[in-house]
Structure formats: structure tokens, C-alpha cells
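Asks: What follows is each chain in one-letter form.
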Amino acid sequence: MIPVRSYLRLLADYLRRQKLRVASLTITLFTAIGLTLVGPQLVRSFLDRAIEGSPVDELIPLAVWFMVIAVLQQVFNVTATYLAEQVGWTATNEMRADLAAHVLNLDMGFHKEHTPGEMIERIDGDVTAQADFFSAFAIRVLGNSILMVGVMVLLWRENMWVGLGITLFFMVALGAMLRIQAWAVPLWKKVRARSAELMGLIGEQLGGTEDIRGNGGVGYMMRRFTEILRAWLPDQVMGRMGFSALWGTSIANYIVGTVLVFWLGSFFFNEGTLTLGSVYLIFSYTEMSRRPMEQIREQMERFQKAAAGISRVQGLFDRTSVLDTSGTEVIPEGALRVELDDVVFGYDDDVVLDRVSLDLAPDRILGVLGRSGSGKTTMARLLTRLYDPIEGSVRLGGVEIRGAEIHSLRRRVGMVTQDVQLFRATIRDNLTFFDETIPDSRLHEVLDELGLTEWLATMPEGLDTRLEAGGAGLSAGQAQLLAFTRIFLENPGLVILDEASSRLDPATEKLIERAVDRLLADRTGIIIAHRLATVTRADDILILEDGRVIEYGERVTLAADPESRLSHLLVTGMEEVLA
Amino acid sequence: MTTRKSSLPVLRLMFGLIRVAPGWYVANIFLWTSIWVIPVVPALITRRFFDDLGTAGFNPATLIALLVGYGLARLGVMFTAMWNDVNFMFRVSSTLRRNMLERIFDLPGAQSVKEASGEVISRFRDDVEHVEEATSMTVDLAGTALFGLVAASVLTAIDGQLTLLVFAPLLFMVVVAERAGTRIRRYRNAAREATERITGALGEMYGAVQSIKVAGVEKPMIEHFKRLNHERRKMMVRDKVLTAALESIFWNTLSIGTGLILIFAAGDIGREGGLTVGEFALFVFFLDYITDAGWFIGAFIARFKQAGVSFERMFGLMHTDDPMLLTEKRELHLHGDLPVAVTPAHDARLDKLEVRGLNFRYPGTPNGIENIDLTLERGSFTVVTGKIGSGKTTLLRTILGLVDSDGGAVLWNGEEITDRDDFFVPPRSAYTPQVPKLFSMSLRENLLLGRDESDEEIDGAIRSAALDRDVAHMPEGLDTLVGPLGMRLSGGQIQRTAAARMFVRDPELLVFDDLSSALDVDTEKTLWERLFIEHAESTALVVSHRRPALQRADQIIVLDAGRVVATGKLEDLLETSPEFRDLWETEAEGNGNGNASGRPRSRSRNGLVV
Chain A
1 MIPVRSYLRL LADYLRRQKL RVASLTITLF TAIGLTLVGP QLVRSFLDRA
51 IEGSPVDELI PLAVWFMVIA VLQQVFNVTA TYLAEQVGWT ATNEMRADLA
101 AHVLNLDMGF HKEHTPGEMI ERIDGDVTAQ ADFFSAFAIR VLGNSILMVG
151 VMVLLWRENM WVGLGITLFF MVALGAMLRI QAWAVPLWKK VRARSAELMG
201 LIGEQLGGTE DIRGNGGVGY MMRRFTEILR AWLPDQVMGR MGFSALWGTS
251 IANYIVGTVL VFWLGSFFFN EGTLTLGSVY LIFSYTEMSR RPMEQIREQM
301 ERFQKAAAGI SRVQGLFDRT SVLDTSGTEV IPEGALRVEL DDVVFGYDDD
351 VVLDRVSLDL APDRILGVLG RSGSGKTTMA RLLTRLYDPI EGSVRLGGVE
401 IRGAEIHSLR RRVGMVTQDV QLFRATIRDN LTFFDETIPD SRLHEVLDEL
451 GLTEWLATMP EGLDTRLEAG GAGLSAGQAQ LLAFTRIFLE NPGLVILDEA
501 SSRLDPATEK LIERAVDRLL ADRTGIIIAH RLATVTRADD ILILEDGRVI
551 EYGERVTLAA DPESRLSHLL VTGMEEVLA
Chain B
1 MTTRKSSLPV LRLMFGLIRV APGWYVANIF LWTSIWVIPV VPALITRRFF
51 DDLGTAGFNP ATLIALLVGY GLARLGVMFT AMWNDVNFMF RVSSTLRRNM
101 LERIFDLPGA QSVKEASGEV ISRFRDDVEH VEEATSMTVD LAGTALFGLV
151 AASVLTAIDG QLTLLVFAPL LFMVVVAERA GTRIRRYRNA AREATERITG
201 ALGEMYGAVQ SIKVAGVEKP MIEHFKRLNH ERRKMMVRDK VLTAALESIF
251 WNTLSIGTGL ILIFAAGDIG REGGLTVGEF ALFVFFLDYI TDAGWFIGAF
301 IARFKQAGVS FERMFGLMHT DDPMLLTEKR ELHLHGDLPV AVTPAHDARL
351 DKLEVRGLNF RYPGTPNGIE NIDLTLERGS FTVVTGKIGS GKTTLLRTIL
401 GLVDSDGGAV LWNGEEITDR DDFFVPPRSA YTPQVPKLFS MSLRENLLLG
451 RDESDEEIDG AIRSAALDRD VAHMPEGLDT LVGPLGMRLS GGQIQRTAAA
501 RMFVRDPELL VFDDLSSALD VDTEKTLWER LFIEHAESTA LVVSHRRPAL
551 QRADQIIVLD AGRVVATGKL EDLLETSPEF RDLWETEAEG NGNGNASGRP
601 RSRSRNGLVV
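Read top to bottom, the protein sequences are chains A and B. Under the working numbering, the first residue of the first sequence is numbered 1, with each subsequent residue one higher. Under the working numbering, the first residue of the second sequence is numbered 1, with each subsequent residue one higher.
If a hint is listed, it holds; no wrong ones were tucked in.
Cross-link-like lysine-lysine pairs, in silico, DSSO-like; alpha carbons within 27 Å at most:
1) B:Lys437 / B:Lys525
2) A:Lys112 / B:Lys226
3) B:Lys569 / A:Lys510
4) A:Lys112 / B:Lys437
5) A:Lys112 / B:Lys219
6) B:Lys525 / A:Lys510
7) B:Lys234 / B:Lys219
8) B:Lys569 / B:Lys352
9) B:Lys226 / A:Lys19
10) A:Lys19 / B:Lys234
11) B:Lys114 / A:Lys112
12) A:Lys190 / A:Lys112
13) B:Lys114 / B:Lys437
14) B:Lys114 / B:Lys226
15) B:Lys525 / B:Lys569
16) A:Lys189 / A:Lys112
Simulated from the structure, these hints should not be mistaken for lab results.
If we strip away everything but chain A, and leave its shape as in the complex, we get (with noise of 0.2 Å):
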């Protein structure tokens, strides 16, 4: 059966807010109806009055009337669905945004097993179903429905065993039609699912061309390719199919009521209760529902669509983060303390991180090493608040994360990662993150706070330039400068740098380390490194293993010590320099 519930339920919501538009929708609606109606009743006069004989002169304003109506009827239809289409689209653009909201705020979980094409199908393509949908429903389902009601009124005041057998012959094509469509809802789902499969593909491959040509992978991707067409198009035949029986219902809806209007009409036409001009405006009255009938038919393939979006849509919707947000503590100002207390955490049954505890001081400067894959990175998600530990507390400030407004939290929390991820737009929103709060002359204070006014003068546009995909045009380094500035926009409490000079070239380091320097005064910092230089600005050492703490101490004391690991991992660079 059709969601019709579940997708009122989540309508509604949007539609309370517009109550002024739908009701003058209403009200438009209903008068085009209205006068959609009195047409074929001019007709019938028209013909009745002819065969009786009546001068032209009296039926010529008849046929002028039938064609003002029709005309005025149109421009009320227009208003409606301009009305429609506004109410529609403000409707599923609040159900777009919050739901990209929603998902945004999903866990990490969640975003690693879901492409970003495929949330590109959910929130844009089932969204905009629900807008397609919506417009016509108002217009097309609920109007044409009315529609026929009136109909049915009408020809009861003709004659009631035709008013009985129209109604019962609507409500036995519109019974028809309802459950075709039922079975006809999962063969298009399927066919969504399919198209979404390969524009997840697709959307992969092109983001990787480099790799796959590099590595001579191309006659694989395209046999992936084939793969998901093969598959794909017996979905699709039944998909049409489905969509076929649809438009068969609407084909013996007609001969079935054409069917009625001429046995009815002739028997009571030779008994004597209708006349000509009647029968014609029971016909006429039939066409005219054909049409609603036809174009209700229409919407069903929207209506299919939309209906399994509204599904899946609405799965998303109670898809709730694993991660517990209503906390409403909030971090100190000023340097953090951060605290892990026996942390125990796994991606899925994989132990990452095993009784890790730490307690480092407002600050200090910590440095974290391990080999990659040894929990380095995890704990820095942990500390912002991506995961949550599964045993074992994390504190910022003596505040329990857990507890913490999330937002505040991480934006108390600046961390540059590896990968820097850049929008196709310009510098200006790259760094703000199209805040538009974000007045021009602070984004130059922070750049000439890095040193990166000279740079960004090399840009053909300043702040206006636009990046291309994926940052294309600046080099790995130059992007994770831009990160820098990112951060450096917030006031964090904590600073954490996961393995943030690892692309930089040399000389350009230098340009970093300077307002590393700055970003780091005054505040706590936790540097993640593969390499040992890159933490001698450090306070105090942590060395991680296979999830486990080896080490931790106060870095003077570790290099100190030549039974220390730190010690010990200085003697591996030593011999590797000297190999």
C-alpha cells in the first residue's frame, strides 16, 4: 500500500508552516474544479435545446459561455499550480536541509559505509521526488479526485442507477489501479537502487582516473561497469512492466466506463428518463474523469518513485547516531587539560585502542608516535568526539566529552589531518566554510598571521579564486596551508596536528612552523608523527603499539634513558641514516 501516512506524517510538518498558501491552493483548486464541472452541463443544454428547435440566437450565448468558463478554468488551473510548485519545493527544501543536517550530524560510521553519491541520491534525488510529487499530488491526485467526486454528484441528480453505477465503477478502477501500484512500488525501488549502484561506481572512478590508468585498471573498471548493466536491466524491464499494468488499468477503466455509459444510456434513453443531450453529458462527464483517471495514472510513476523515496527517506531520518548528542556542558575557555582514562576502542570487533590512559596538563605539548595503524589517528577522533570510547572516559577541561555541547566541543578542538579536503569554490569559502559571517579582513588577519599574504597575492583572484575539483591547481602543501588558516579562525583550547607537516615540503615546513609556534602558545597541543623531529617541540612523549600505550613520559626524561623505547627509536634512525 502506499506510505500515505508515514508520508503525511512527515509533510505535515513542513506544510503547517505555509498555512496561508495552502489554503488559497485550496481555494484556487477548488473554483477551477468547480468550473471544470459546469462545461459539459452547457452542452447538454445545448443539445437539448436544438433538437427541440430553440433559435440560434438563444444557443449561440451557451457555446460563448463554454468557452469563457474554459478559459477562466485554465487560469485558475495556472494560479494552482504556481501555488503548488511554491509550496512544494519550500516544503522539501526545509526536508532537504534538514535532513542533510541530520546526516551530517550521523556518526562516522555511517558516512564510512554510505558514498557521498549515494547521499546525493537520498537527499537530492529522493527529496526532489517528494517536490515533484508533492506539486502534483495537490494538482493532479487531490484535485482530479475532487473532481470526480463532483462528477458522481452530478450524474446521482441525473439519474440514480447511472450514479450508482459510476460510483461503483470508480471505486472499483480506483481499487485496481491502488493495488497494481502496490505490487508495482519494489520493482521500481530496485531500479533506483540499481541506478544509484552504478552512480556510486562511477562517481568513485572518476575520482581515482589517475590511479586506475597508472595501473593499467581501466579494462577492469569498465567490466564492473558491465557487470552492474547486466544486472540492471532485467530490473528495469519490470519496472516498465509495472508501470504498463498501471496504464492497462486506465485502458479498461475506459472501455469498462464507455462500456456502462452505453448501456445504461440506451436503456433509459428508449425508456424514456434521459435525453439525448443527457446520455451526451453522462458521456461526456465519463471522457472527462478518464482524463483525472489518466493523469492520476501519471502520477503514479512519480507516486512509485516518491513513495519508495519517502521510505528510504524516512529511514534516514531514524537512523540516529550512535553517538549521544545532548550533552550541554560546556569546555573552559582558555588551555585544555586533557584526560583519557583506561580508553578501550574497536572499529568493529578490531581492539584499536587498548586502556589508554593519559593525563596532560593546560599547555604542554604532547607527542604521539607509533607506527601507522598502532591507534595514532583514532585517538585523535576519539578526543574530537567522532567515536566514542567503549570503555573509559575522555575529558577536555574536567568536563566528560560525552557531556559536552558536541559543537562547542570541536570547535574548542582545532585539528588538521592529513587529507585536507577542499570544495569547489572560492579560497574565501574554502577557509570559512561558507560562513558568511566571517568578515574578509579577519581571514587576512590570520593569513598574514601565517605568513601566506604573499601567496594568496600569486592568486589571480585573492579571495575570490575559485579552486577547482578536489583543489586542483594547488599543490598537496599549499592545501594544508589553507587547513591551517581553517584553524586557525577558531580559538581552540586544544590543538591537534595529526601528522599535519607530513606532506609539507621542507622549506615550506618552515613557513609552518612558524605559526605552529603561534597557534601553540597558550594552549594544549597534541602532535601526531611518524617522525621523531617532528615532536620536538614536545613536552612530554607517548608511544603507542598495536593499540596499547609503551610509553609515556616527559620527553627529556625518555631520551634520558637508553633502556627507553624513544631512545631506542632514535638508534633506528641513527642506523638508517647511517645504512
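Let chain A serve as the given structure and place chain B on it in line with the hints.
Replies: Just chain B now, kept in the frame of chain A:
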């Protein structure tokens, strides 16, 4: 591009698409023409009904039986036509998608796609759909024409003057549709672009979800998204209202047509020698269908124009002068056996690679490389180094043909390579870009990309890439799914997976761009060691500024502002090149390994010594 006239031969392109599945198309013509023409039957039945209704003892049984027979025939034709059409359309859309994708793979890798991924997806999805619909609609043209002819002859037989009254509005409608078409196209385009901006923004937003979360900037991002939505609403409403207004013109013609018939027939309708009620019903019936046909033609013109825009947008992805590449027919392999991918035999021995006078400049910027010469001997290890923005990555890309060079040559064993982009593939070479990309498949599939190496060979490659320990820790091993863009792996694991992906191909020439940037000391050391031992035969060209790489290099190329400022071995360069000394020493400062002797360093910052 919004209002530019389409320069593409739209008709030829559509014809090209028809040739993709000619059998299906011809069947479509017959089936859909029948669908258009057979409603003449119920029209005639209706006329009979109203004309005979007045006669004594009229029994509608025969007419009813005829009507039911018609209904069954129409259902049969309709189902067949739909089944045929979906098959035709699927072949058309698949061909378009396949051709675009193949062409994109065919382009120099680094230049292939400039648009944001959401925008490209919109072309692969929406524009393809527009074109496939327009192409499928062409079959209805014959149907509408034939239906028009039949209707005209039936009606003229009744009353020629009235028939003219029926057809005149039809002509009017087509003209209106044609004129309004340009405007519709413009609005539709604007609406489409607004949609593209939205899908683009969504794609980027969820691609950068971690950055957004970490920066706590969900709100401004959503505000930005709302602004884009608001823009689109305006475009969409304008488009839809115009379409509705056009539609209402057609409706009005129907009503005005009926009104006109009434006025003209007012004097004699239902009387001796005049228009019978049955004939009146017939006129109105056809008026209805002709309005449908007129509306269809209008819609088709609009769709056809839209297809022109869509063709142009798809074509824009392909960077070619030959539009027919878009509709090129080749087997789609929708049924039957899939062709087996052939791994080329290893006969590509490299003795010497030479680069002569190579130039490249990113259009509109001062960045690029200038007049580069270098030579790589078999089995040698060459490291390209330099400051940020000095052109290291650009040099690799230009040599490999991932961007189109502005002059210069690359010679393989002394012979100039004409199409470097196609030439530099396994087994000749393999390449890993600075930010390697993985795909949402299993680890094994990511490594092989369709090759058929055994698990032992894969294990070898994984070992060489120092990824063996990581894989051993994964519960699913090689079958581990790496997630979209490899997101389930760490940065270092992605880099080493990319390295293993090269090694498994055992190419003559290995090209890495900054491979070890996310690796720790031990892992990096292991990686280089194994590379030297297990791939000693391979020639390597590497961008790096890390000491372990520089120390092993047979040749170091120092770039500055796109030019080679020094070439040589480590010891020579330390003596002769001040630029290199700068780099080397900064690297020492930035890298604890640089504290080679363990002696307190004079250069260490903040007076701290590790």
C-alpha cells in the same frame, strides 16, 4: 553556456543512437504507431452509438462487443510496445554512459574530470535520461502523423469546413510550443544548473564530512546548502509555471475548438441534413486526441531541444572534436559471456628512459615546468626533490602524459613515445599519485584491478610494500572491504596498498609521488629496503624529500620554480648545490632521523635535543 546555440549535430547524434539498437527501434516504430492510430476505432464506435440511439429498438450489444475487442487489442499492443521500448532505451542509455566513461578513462588521467563529482554524476544520470527519452519519443512522430491523416480524412468526409476549424488550433499550438520552447529551454537549463550546484555541494559536503565535523561547521555548511536550495526553488517554480501555462493554452484550444463547433453547428445540429449528435461526438473525440498529438509534438520539440543541451553537457566531459564518439556503437555485453580481460605479456624491457626539453604550464598560472632534461638508466633509482610548488608532481605527470605537455620529448630505449598517456601502463610502468585512491571493493580486488595473479604473488607484493603485518591483522585478510575511497584503512595503509598495487604488476618503471608521506620511520625503512632488494631490476622515479630516499638515490634531480637547478648524487649535491643543501638541512630539522650521529645538533630548534 546557458543560452549558447547548440553546435552539435543533434539529429546525427540521435541517428547514431538509433543505430545502437536498430531492430528494437524499428519494432518500436510499428508498435507505437499502432498505439497512436487505433483510437480511431472507439471514435467511430462512439459516433455509431449516438447516431443509432434515436432509432427504434436500438440494442448496443454489437457496439459493446466491438469496444471490448478493441480494448483487448490495445492492451496487447501496449504491453509489447512498452517492453520493446524499455529494451531500446536501456541500450541507448548504456551506450551513452559506457562511451562517456571509456572516453574519460582515455583522456590524460590528471586532466580527465574538472567538474565536481556530483555535477559529473548529474550528467551521467539526468542528461543521459533526457537524451534517451527524446530518442525514444522520435518513434511517436510517425504515429502522430498517421493518426492526423486518418482523423483528417474521416472528418473531412463529414464536414470540410469544420475539420479546418479542428486543425487550425492544432497548427496554432505547434507554433506556440515552438516559440515557447526556447524560453522553456532557458528556464530548464537554469533549473538544471541550480540542481547541479546542489548535487555538487552535497557530494563535496559528504566527501569532506570528517573535516566539517572536526571543524564544527555543520551550521554554516547547511546554511550554504539552504541558499542553493532557495535559488533552485525560484528556477524550478518558474519552469513549472511556464510549462503549466503552455499546457493550459492547449487545453484552451480544445475548449475553444468545442465552442467553435457548437457555434458553427448551432443552426443545424440535430436537425435534418445537419450535424448529427454522433458526428458532434466524433468531432469532440478527435479534437481531444488531436490536442494530445499537438501537445506531444510541442513536448517533443522541447525534449528535443533539451536533448541538444544534454548532448552538449555530456560532450563537454569528453574533450574531443568528434561528437560521434558519444554514440559509437560497440557490443554492450548485456547478455552472454563477458569478454575476458587480457593481461599483456611482459615484453616491455626498459634499458633507458630519456626526457628532452619537456615543458608544461598550467593554463593561466605561472606554475609548471620548464625545459627539463633527464636520463634514467635501467635499474637506477632517481629522486626528484624541491620546495613546495617547485613542479615535482607536474614533472611526473608530464612525463607520464597525465597532462598534455607544451613541448619536449620522452624517449623509451631511444625511441620517442608519441602517446605517452597510453604508453605508460603496466607492464611498462605503474604509477601512484600523491594522494592515492582506492575503491569500495575488497583489498584483493583493489590490488589486482582485474589481473589474475595468485594469492602468493599478491602476498609478495604486499610484503614488498610493507603491508604484510597490517593484512595479517585484518580478520578477513585480502577479502577485507576497504570502504568507499578506502576510508576504512588508515592513510599509511592506503599508501602502502597503492604501492602493493604497483608491485603486483611488476612493471619495468615504478613511479611514486611522495609515497612515504604518511609512513612512520620503521615502515618507511622497511618499504625502501624491500623495494631495493625485491625490485632491483625495476627502474624507479620517485618524488621525495625524505633522507632515506635521497641517500639511496643513484641520481637526485633538484627542482626550483619548474626548472632543474642541480642533478647528481647526494655527496656531489651537498657540495655543489646550495638549493639542495637548504632542502637537506631543513629536512634534518624537520626529521629526527637527521640527527644522524646522535651528537647534539647546533641547528635544533628551541634549544631542545631529542
